[in-house]
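Chain by chain, the residues:
There are 2 protein chains.
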Amino acid sequence: MEKYLVFKSLAIIIVAAKIFGLGARKLKAPQVAGEIVAGILIGPSVLGLVQYSDFLGQMAEIGVMILMFTAGLETRISELKKTGVKALAIACAGVFIPLILGTLLYFVFYGTAPWGSEEFFKAVFIGLILTATSVGITVEALKELGKLSDTVGTTIMSAAIIDDVIGIIVLTIVIGFKDPSQNIGKTLLMTGLFFVFCLVFGYIVYRLFKIYDKKHRHTRRIPIIGLAMCFMLSYVAERYFGVADITGAFIAGVILSSLKDSSYISRKMDINSYMIFGPVFFASIGIQNDLSSFNMGILLFSLAFVIVGMGAKVVGCGAVARICGFKGRDSLKIGCGMMTRGEVALIVAQRGFTVGMLDPAYSTSVIMLIIISSILTPIILKVLYNEKSTNNEVAENVT
Amino acid sequence: MEKYLVFKSLAIIIVAAKIFGLGARKLKAPQVAGEIVAGILIGPSVLGLVQYSDFLGQMAEIGVMILMFTAGLETRISELKKTGVKALAIACAGVFIPLILGTLLYFVFYGTAPWGSEEFFKAVFIGLILTATSVGITVEALKELGKLSDTVGTTIMSAAIIDDVIGIIVLTIVIGFKDPSQNIGKTLLMTGLFFVFCLVFGYIVYRLFKIYDKKHRHTRRIPIIGLAMCFMLSYVAERYFGVADITGAFIAGVILSSLKDSSYISRKMDINSYMIFGPVFFASIGIQNDLSSFNMGILLFSLAFVIVGMGAKVVGCGAVARICGFKGRDSLKIGCGMMTRGEVALIVAQRGFTVGMLDPAYSTSVIMLIIISSILTPIILKVLYNEKSTNNEVAENVT
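Chain order of the listed sequences is X and L. Counting from 1, one number per residue, gives the positions in the first sequence under my numbering. Counting from 1001, one number per residue, gives the positions in the second sequence under my numbering.
Any given hint could be a false lead.
[As the list claims (entries may be wrong)] Pairs of lysine-lysine, DSS-like flavour, derived with a Cα cap of 30 Å:
1) X:28 - X:215
2) L:1008 - X:3
3) X:143 - L:1214
4) L:1327 - L:1081
5) L:1028 - X:210
6) X:26 - L:1026
7) L:1214 - X:28
8) X:143 - L:1215
9) L:1215 - X:215
10) X:214 - L:1026
11) L:1026 - X:210
12) X:3 - X:143
13) L:1086 - L:1327
14) L:1327 - L:1147
15) X:260 - L:1327
16) X:28 - L:1210
17) L:1215 - X:210
18) L:1210 - L:1147
For the record, the hints were derived by calculation from the structure and aren't laboratory data.
Let the sequences and hints guide you as you build the complete structure.
Structure representation (C-alpha cells):
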C-alpha cells in the first residue's frame, strides 16, 4: 500500500474526532463519547470514509499505552497514604461490588456457568469493565460547586485512584486465565512475580530518575525516557509474564508518579495523546463498532448493564463510606461521585475483545455506560450539594 | 503479529536515539546524525535489535510530514518581503548552482545521460539533495558569536528559507518525471495546477484560521486542525496532482506560517516530533542503511559529493552576495553560512529512494554531508568573524 494513503484516514479521524468531541462537551457529555460517535459516523457502518486497518489498530494501541501511562502518572502515592484507610475501604468496595454484580448480571441474562469455565470468565469480564472509576467528570463538577477540597471531594479522588490500582491488579489476574488450559497456580505465580519484578525494577528506576530529575528538571529527556520505559514495561509484561500490556504501562506511570517532574511528563504525554494517538484510539472504537450486530438483546443487556454499573458503585462505595463514619448524605455523594466511567473502562473492554473474553457487540454497552454516567453524575452531585447547602443555611439560621 | 511486539522496537529506538542524539550534540555534531547512527547500531547491520517493518516505515512517514510541516511553519512571508531581492538572488544561486554541480558530479562519476532519460533524472536527483539549506546550526553559531541580527545573519536566514521554498518547487517538478513514459507537458501542468490549487485553498483556509485564531488563541484546536490540514494536503498532492506528499505538508505549514499562533502550532508539532515520530524517522534511516552495500566506489563518490555540496553553496551564494554589494569577507560568511545541510536533505533523499530515482546506497553520502557540513560550518564562521573583528579593531585604532 502506498504510504500516503493513510494520511487521508488520519486527517479525517483527527478533524471528525475534534468536532464531535467539542460537540459532546457542549452537550455536557464526555469528549471521548463524541470521538467514538465520530468514529461510528466515518466508519464502514455509516459513511465509510475510513476503514479499520492494521496500522490504525497499532496506532490506537500506542494511544492506549499512553493513556494508561498517564493514568498511572496521576497516582499520588504520598497523598494516598494521607487519606488512608477510609479511601482504601471505599475503593475496595468500588472494585469488588461492581465486579460481583456485573458477573451476576451476565449470569442472569445468559445463564450461570461453572467456576473457571470459559463462559465464567466472560461473565467476570463484564464485571471487570465496571470496576474502573473515571474521576475527571466528578472533579470538574466538584470544582464548579467549589467542593473539590472538602473531605468528600478528597475522599472521592483518593478512592478513585486506589480503585484504578486494585482494578488493574484484578484485570491482570483475570486476563492471566485467558488460556483456559493454563494452570491456575502458574497464572497467579506469574502475576505475583510480575508485581515483584515491578517493585524491584521500579525502585531502581525511580531512584535513578530522581537523581537525574534533580539535576535536569524540565528537560525533554525525562518524558522521553519515561515513555520508552512505558513501552518497555508493556512489552515485558506481555512477553515474559503473560500479563496485560496495559498493566505494564500503568505501572510505569505509577513508578514515575512521585517524581517532581511527573506533571511535566504527564503534560508532554497529553500533547502526544490529544494530537494523534487519542483520537485514533477513540475513533477506531467507533470505526470497529459494527452497528449491524446491534439488536434488542444487546440493547436490553446494555440498559441493565448501565443501571447495575452505576448502582453498584453508589451502593458499594456509599455503604462503605457510611460504615467509615460519613454522614448519610455525604456517603451518597461519595457513591455518586464514584459512578462515572471513562476511557479506562473502554480500554479494559478492548483488551477483553483482543483476548477473546468479550464479544465486540458489548462495546455499545460500555459506550452507553460512559455517556450516561458522565451526564448524570454532575447533575446528581449538584442536587445533593444544593440540598445540603440549603440544610446548612437552615442550620445556620437556627444557631 | 501481536500488537505489543512493536513496543519493544519503539522503546529501543527512543532510548538509543536520545542517547546518541545527546552524544552527537556533545561532539558539536547535529543531534539528527546521532539518531541515525543509533539506527545503524540497533539495526540489522550491527546489533540486530530492531528490524525495519511496515509499521515503523509508516510512523517514519508521519514523522517526515510533521518535520516538513514545521519547516513550512517557520517561513515568515512578511520577513521575506522585507529582506527582498538580495536574499532572493542568493537563495536562487543556493538552489541552482548545487543542483547543476550535483548533476554534473554524477555525470563525472557514472557518465553522461541524454536529457530526459531515467539516468538523467538520477543525476538531477543527486543535485536536488544538495539544494536545501538547514539553517539551524548556522543560527546557533551566529547566536554564540552575537552576530545573528546583523545584515549577514538576517540575509543568511532569509535566503535559507527562500531556498527551501524554491527547492521544494524544483523537487516537485523533478519528482513529477518519475514515470519516464509520462508527458512532460502534463507533469508541468499538474505541478502548476497544484500550486494554483494551494494558492486558492491556502487563501481561504488562512482567512478562516485567522478569524478563528483571533477568537480562540492558544486553544488546542488550532494545532490539531493544522495537523489534519497537513495530512490532507499531503494526500491531495500525491493522489490528485502526482506531486510529492512532502510538498503538500510543507505548503500546509507555509499557509499557516503568518498566523499569530504559528509558533504555538510549531511548538506542539515539535513535541509530537521529538517524542516518537522524529526518532523513529531518523533511526529508521539508520536501520535501513545496509552497511554491506558500502564500498570504495560509494566512499569516493561520497567524499566528492560532500566537497561539491559544500563548495557549491559557498561559491554560488558567495558570488551572488558579492554581486549584490556585500563586501568580500561578508560574502564568504554568507556562502559558508548557507552550506549546512540537515533533515530536509535526508527527506528529499528518502523520497528519491521511494520513487526509485536514487539508490539507497547513497544515503551514506547524505549522512556524511550532514555530519561534515554541520561540524565545519560553525568552526569556519568563527574564524571568519574573529578575523573580521581583529580588522575592525585595527580600523578603529587608525581612525
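Hint by hint, here is what the structure shows:
For the hint linking residue 28 of chain X to residue 215 of chain X, the alpha-carbon distance of about 43 Å lies beyond 30 Å, and the restraint is violated. Only pairs whose Cα atoms come within 30 Å are accepted, and residue 1008 of chain L paired with residue 3 of chain X is accepted, the gap being roughly 23 Å. For the suggested pair residue 143 of chain X and residue 1214 of chain L, the alpha carbons sit about 29 Å apart, so the restraint of at most 30 Å is met. At roughly 23 Å between alpha-carbon atoms, residue 1327 of chain L and residue 1081 of chain L fall within 30 Å of each other, so this suggested pair holds.
The suggested pairing of residue 1028 of chain L with residue 210 of chain X holds, with an alpha-carbon distance near 28 Å, which does not exceed 30 Å. As the CA atoms of residue 26 of chain X and residue 1026 of chain L are separated by approximately 50 Å, the hinted pair breaks the 30 Å bound. Distance check on the hinted pair: residue 1214 of chain L and residue 28 of chain X sit about 25 Å apart at the alpha-carbon level, within 30 Å; holds. With a C-alpha separation of about 26 Å, the suggested pairing of residue 143 of chain X with residue 1215 of chain L holds against the 30 Å cut-off.
For the suggested pair residue 1215 of chain L and residue 215 of chain X, the alpha carbons sit about 40 Å apart, so the restraint of at most 30 Å is broken. Under the criterion of a C-alpha separation no larger than 30 Å, the hint pairing residue 214 of chain X with residue 1026 of chain L is consistent with the structure, at around 21 Å. A hinted pair counts as satisfied when its Cα atoms are at most 30 Å apart, and residue 1026 of chain L with residue 210 of chain X qualifies at roughly 23 Å. A distance of roughly 46 Å separates the Cα atoms of residue 3 of chain X and residue 143 of chain X; the hinted pair therefore is violated under the 30 Å criterion.
Restraint check for residue 1086 of chain L and residue 1327 of chain L: satisfied, since their Cα atoms lie roughly 13 Å apart, inside the 30 Å limit. Taking the CA atoms of residue 1327 of chain L and residue 1147 of chain L, the gap is near 16 Å; set against the 30 Å cutoff, the hint holds. At most 30 Å may separate the alpha-carbon atoms for a hinted pair to count; residue 260 of chain X and residue 1327 of chain L exceed this at roughly 53 Å. Proposed proximity of residue 28 of chain X and residue 1210 of chain L is supported: the alpha carbons are some 28 Å apart, at most 30 Å.
Distance hint between residue 1215 of chain L and residue 210 of chain X is unfulfilled; the C-alpha atoms sit about 42 Å from each other, more than 30 Å. About 34 Å separates the Cα atoms of residue 1210 of chain L and residue 1147 of chain L, which puts this hinted pair outside 30 Å; it is violated.
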